[in-house]
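S.K.: Residue strings, one per chain:
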Amino acid sequence: MNIHEYQAKEIFKRYNVPTPNGYVAFNVEEAVENAKKLGGSIWVVKAQIHAGGRGLGGGVKLARSLDEVKTLAQEILGMTLVTHQTGPAGKLVQKVYIEEGADIADELYLGIVLDRAREMPVIMASREGGMEIEKVAATSPEKIIKVAVDPFIGFQAFHGRELAYGLGLEKEEISSFIKFAAALYKVYMENDAEMIEINPLVKTKGGAFIALDGKMGFDDNSLFRHPDIEAMRDESEENPIEREASGYGLSYVKLDGNVGCMVNGAGLAMGTMDTINHVGGTPANFLDVGGSANAQTVAKGFEIILKDPNVKSIFVNIFGGIVRCDRIANGILEATRLVDVHVPVIVRLDGTNAKEAAEILKNANIKNIITASDLNDGAIKAVACAKGN
Amino acid sequence: MSILINKNTKVIVQGFTGKEGSFHAEQCLAYGTKIVGGVTPGKGGSEHLGQPVFNTVREAVAATGATVSMVFVPPAFVGDAVLEAADAGIELAVIITEGSPVRDMQRAKAYAVKKGMKTIGPNCPGIITAEECKIGIMPGSIFKKGNIGLISKSGTLTYEGANQVCNEGFGITTAVGIGGDPIIGLSYIQLLPMFEADPETEAIVMIGEIGGDLEIQAASFIKEHIKKPVVAFIAGQSAPKGKRMGHAGAIVSGSAGTAAEKMEALTKAGVHVVKSPAEIGKKIAEVLKK
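Just so you know, the sequences run in chain order A and B. Numbering-wise (our numbering), the first sequence opens with residue 994 and increments by one. Numbering-wise (our numbering), the second sequence opens with residue 322 and increments by one.
Errors might be hidden in some of the hints.
Unchecked claim - List of simulated lysine-lysine pairs, DSSO-like, C-alpha gap at most 30 Å:
(1) B:K589 <-> A:K1139
(2) A:K1172 <-> A:K1128
(3) B:K589 <-> A:K1128
(4) A:K1029 <-> A:K1063
(5) A:K1380 <-> B:K564
(6) A:K1006 <-> A:K1030
(7) B:K562 <-> A:K1136
(8) B:K564 <-> A:K1088
(9) B:K466 <-> B:K364
(10) A:K1136 <-> A:K1164
(11) B:K564 <-> A:K1179
(12) B:K596 <-> B:K610
(13) B:K596 <-> A:K1305
(14) A:K1305 <-> B:K562
(15) B:K564 <-> A:K1128
Stated by the list, open to error - Covered by chain A, per the in silico footprint, the following chain B stretches (three or more residues, Cβ under 8 Å):
(16) 360-370
(17) 414-422
(18) 461-475
(19) 498-507
(20) 519-531
(21) 552-562
In short, the hints are calculated from the structure, not lab data. If you're wondering where the values come from, they're calculated on a predicted model, not measured in any experiment. Glycine included, every Cβ here is placed at the ideal spot set by N, Cα and C.
One chain only, chain B, in its complex shape (with noise of 0.2 Å):
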């Protein structure tokens, strides 16, 4: 089992020839992951990566029937890759694209959620159940099958985390990179629950950082409705106030999305958090050894 994709699920590429849209559907093709089309306006009707490309989302629906779809346009252009997306009856939309416009992803995700169309990052690594869909530029060789889920706001700390509980003998069922950016889709308290109903899931892994009360509302949330261990990291301890760390939502501002008060709330609600992303692996071998 897993959460949101799994081997069966049909995917298209929104930016499908793009030089970054082209390279990653490679390899998620060459991971097992079912891309069964994708969409480049202006290229329709022509063959790319051995699928077929299409003109408009709704297109390549009607013809593949794909429920995912994988965003990689250009910054300006994702707004409106995301609307038609959610215009179109896609289910899932798994958006990666760096640098969007934070008032277009706003808009673009009050759609989005208008449709019933659920949405990932965007910049972000993307999604993967081990060994089974990749739907996202991290390197599927180091998550391995396993029993863990994974949430994170960090691309490289997914990969870091998810490969200390594959060295320490565990795997992953399914991770998300939610993103870091100040709008983002799907975030903690949509994914707890998930992986609390998956029963391939025995332990979850939470990696999040400074700015924003995501956390926040993610350790008040697993007090109330999360049974499973919850292992978490939050990354800027040592960060600066008033400073962007990299993300555009990484940055405490004033007093609030600071790194000790995160760390304290989930700490309250019975979540096991570790001050070094260093010791995740560690602690998810000691949480379910116990």
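The following block holds chain A by itself, in its conformation from the complex (with noise of 0.2 Å):
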């Protein structure tokens, strides 16, 4: 789960990872009053969406005014906003962060992610703040550096030199940054963060340290024991299908071909995508049933795949283990009860009570549904269906 800006900066505040002072507004009322609040004469008015890139893309702006900060404040809320990570179609504005003016000397990137290969957290640290950092690592990589933190001993003071001399600090600058870092690693430790990233973390011209940016996200795995970050969930950033799906325990996600798929597993749903790929189709959706399929799941997942309009057919590909095939076909069977399946149904069942379900589905005697025998079989039908053979 990700979760804004100004709520990333109030865990910030907790832990005193110092960030500018600032306040979100859903209106522009409220942004004008935030801007009173904060006093001074510079301001900036910020997008808060769930993605990055959102300066670039005309979502952060300067205000020298509290007129200026109204005038920016109407701009932006409502605004769609495109960055290199919202995809084209773009995300709108809903609500914006006032904050106060910093006084930049320079700015450098801070961030701190799970490193699979070694098993444990790494912080990353380079000069080049302000820059997608996914584009440093692919151009120079040197400019990176990389600390490792073994969770058996924590975060270290010389965890702190290696980054605070790697990135070539003033000796004057050392011990702060240091212990900006050390605030940091147990914001990421204490809240189950799977990445906390700070861009740019600005060096003020008094040589202070502020998180300028900061951008969360969490281990979905460990919400249940922080119920305060799992309150600052937005659902309104969360694709509304995909939600609803996880509601009946469906993971689902929406792609832009005609086959729509329900699968169980999610290697096998992504071996089925691959399988109508490679067999010329394009696959609707990934979808996966999980382990404990029953009808009203299986109803739920058909009328979910079937919400979007580009879906020409679909293939029903399990193979039963703990799911068994035979309470898969009687899903089938009630689903086409309960939802209308205006496209025909290709249905592959295999492994614990495959004949059962064969048997089943044979005898509901359903039009529009069309057996086949094995994983290719399948998608080639389906992808047939699709292009209306």
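Mind docking these for me? Both chains are given alone in their own frames, and the hints should help you get the complex.
M.R.: As structure tokens, this is what we get:
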């Protein structure tokens, strides 16, 4: 789960990670009120969406008067912001963060992610602040300093020194940087974060370090022990169909093709998409019905797949292990009663109770159901149906 | 022969009396697995499925001599359960539970490594030595005894692969589902040399997916150390970037962890890479008939 910048900064503040002062606003009046509350003569109006690259997309602007705050808030609230991370459709801006201006001497980058190969958190720092870190990593990886922290010992002063000297910081800056990094590591560990990114991390003319931006993502499996973070969930940032699916224990991702897929297991679901591509078709979605599929979840699966008007056929590909095939077959029957399945359904059931399942489907005698003998056969038939053959 | 487990392996079940633990322990017993007891704190001294129940893993190990634990405890308690198993001298923990916190697994695995305990999973179907010992949730009937070793991140693709191999007239020595979480126990580079050393295994099927770089590590390892033929499939060639595809670890971040780069690395290492999982069985037949 991801959160907004203003929420990440709330968490930062609790751990004494320095950030500029600011308040979130849901409308123009609030935005102006917030600017008044902050005082000063310079403010930053920042679009709050779950995507990076907001500045380049026109979602972060500087205001030098309260009138300008008003104009900019009007402009940004309600705009559809397109960045390299939103995709071409962009994201609707529903809130802005009004922040006090910072005096910037230098822009750095600081982030923490899980290094899967080393199986420990790795802190990444770079002098190339404000740039896309993926681009820096691709073009000049030597400009990123990486320090892995073994959680058994936690963040130590030497980790901080490796980062600080690696960045080439001035002598008098080193201790405040180490303090900053130590606090950020604590934020990461204590909140079960998956990633934290501060880009840019600003060095002020006074030599202090401030998180000018803040991005955080969390391990979904750990949210049960962080109700305060779960409460930060912004459902408007999530795909409504994917959210609905997860409520039924289904894992769904929409794609651009026309062959709907209903599969058990994430690996086979991906493998089914790959097979559809391989035989000349395009999958409309990823859908894993999970380990406890029953008639209701299968019906829901059909309903969700059919919300996509591009879907011209549906390939049900089940290899029964824990999910018994007869249960899926009954689910298909039930689903055809509950949902109007108006496209051909190609069914391949193999594994536990596959024979019983075949009987159930044969006796059902529903038109539009085509049985397939194996994965490849099913994919070919589903693609042919989607092409209208 | 086989790797890691065989008909003599003594197994206990952590989370023995729970719904999932009970159901699958019963299936494993029916398959012939030597389940010699289980652990459910608070139920020690009772009997379940004809086997003794203990309060702690230490007691269970002392009383039964078990060397392997099959872990079914709920996600919030998996970290603790694996730490307990490692501390009690278990040699291999097979962690079936899905949805355990990454940080808990990270710590549990680091401790397991320190204690010399191997782990498989979490979020995996388990491990099976065909017609001898099943420790997990896979449908035992599709694993006919034979000469192919199988390593897979995905449960259902393990079944798909094994089924195709058997339909081609071959069979399985041992199949290991390693799981699709960001942090997992035994992986390709630990399991490949075990299959290489197993005299029964003639070829290896390796099923990977997008995310992380375990398959890339495997490619360089195979090039250097593996002489037996390897057939590989990488799931998620058509997955969009930045989207998590069911498994917690199945995500292409930035431009890293794509199916294309993994397939390329494996191909360069001399692995027989198939583009669709439907071709696994045929490719094995082709490779072994040469």
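S.K.: Out of the numbered hints, which ones does the structure contradict?
M.R.: 9, 16
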